[in-house]
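Peer 1: The whole structure should be built from the sequences, with the hints applied where relevant.
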Amino acid sequence: MKDVQNQPDARKMSIDRVGVTRLRYPVTVLDRKNGIQHTVGDLEMTVSLPHHFRGTHMSRFIEILNEHHRELHIDKIGDVLEKMKSRLEAEEAHIRLRFPYFIEKAAPATGAMGLVEYTGLYEGSLSGKMDFMLGVEVPVTTLCPCSKEISESGAHNQRSIVRIRIRYSSFVWLEDLIETAEACASSPVYSLLKREDEKAVTETAYSRPMFAEDMVRDIALKLEQDPRILWYGAESENMESIHNHNAFASIERWKTGAGRKS
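All the letters of the sequence shown, read from the start, carry residue numbers 1 to 262 under our numbering.
Accuracy of the hints is not assured; some may be wrong.
Stated by the list, open to error - Simulated DEER-style distance windows between Cβ atoms:
no.: 1; residue 1: G257; residue 2: P100; range: 14 to 22 Å
no.: 2; residue 1: S86; residue 2: S191; range: 37 to 45 Å
no.: 3; residue 1: I150; residue 2: N246; range: 17 to 25 Å
no.: 4; residue 1: T202; residue 2: D42; range: 42 to 50 Å
no.: 5; residue 1: V20; residue 2: H156; range: 37 to 45 Å
no.: 6; residue 1: M113; residue 2: I15; range: 30 to 38 Å
no.: 7; residue 1: G35; residue 2: E63; range: 26 to 34 Å
Said to hold, decoys possible - Straight line, CA to CA, 35 Å or less: simulated DSBU-like cross-link-like pairs of lysine-lysine:
no.: 8; residue 1: K129; residue 2: K76
no.: 9; residue 1: K199; residue 2: K129
no.: 10; residue 1: K194; residue 2: K83
no.: 11; residue 1: K148; residue 2: K83
no.: 12; residue 1: K105; residue 2: K12
Everything labelled a hint here was simulated from the structure, so no lab data went into it.
Cβ coordinates follow ideal geometry from the N, Cα and C atoms, glycine included.
Peer 2: Written out as structure tokens, the structure reads:
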């Protein structure tokens, strides 16, 4: 049959990225406690398109995924990118995978167990060199230092989201990043809380007031001290409970001596 995608294109215009997005696919990822965790990924797979090709072959992206039998561990991403470059005759290949990730967590007072959902991120690019970022989104609680300072009783608090992305020289677990984020918040969040636990959570948050700026600075200091990490991005976003806007702060850094990857 005629290969329409491979037909020449007279416009002589290359395209930076073509491919598939919003692809839902069952995947298996690494889990520090259990070895592996089965989840569902939201994938974006793209390649550069040379000016002489009219289009790319969308089916080949799915074929490459199928060859990995749903296993998209961190150490598989490079192989997937190599196959994308080769089979689609591209100079660059990119993959972005977001997935729900669950950790069983004990409530702070009663020890009641419940699953808390986080969002994991794998993001890789391959041109001349491989570039890979590991990331996570972590829900936390923050309590406003200003509100606590100026109020005669109480202080407003809110649900917040911490986002961390890293480039690293040796393996880092998602759980490592989650623990870093939670340690820098007013309090972690939990899926199951009895009354004793609610008391513990609210009192902990009240004793640890945090601005969005406080959280990203504390996270950045922890990431700076981790010798495995070469580059990091940390964001905090507070879904304000008494304002009609969110509060946001962000830090991105290459660590001294790490060297910038191309």
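Peer 1: Decide, hint by hint, whether the structure agrees.
Peer 2: Hints versus structure:
no. : hint                    : verdict
1   : G257 - P100: 14 to 22 Å : violated, 36 Å
2   : S86 - S191: 37 to 45 Å  : holds, 43 Å
3   : I150 - N246: 17 to 25 Å : holds, 21 Å
4   : T202 - D42: 42 to 50 Å  : violated, 34 Å
5   : V20 - H156: 37 to 45 Å  : holds, 43 Å
6   : M113 - I15: 30 to 38 Å  : violated, 49 Å
7   : G35 - E63: 26 to 34 Å   : holds, 27 Å
8   : K129 - K76              : holds, 16 Å
9   : K199 - K129             : violated, 51 Å
10  : K194 - K83              : violated, 50 Å
11  : K148 - K83              : violated, 55 Å
12  : K105 - K12              : violated, 55 Å
Hints 1, 4, 6, 9, 10, 11, 12 from the earlier list are contradicted by this structure; the remaining hints agree with it.
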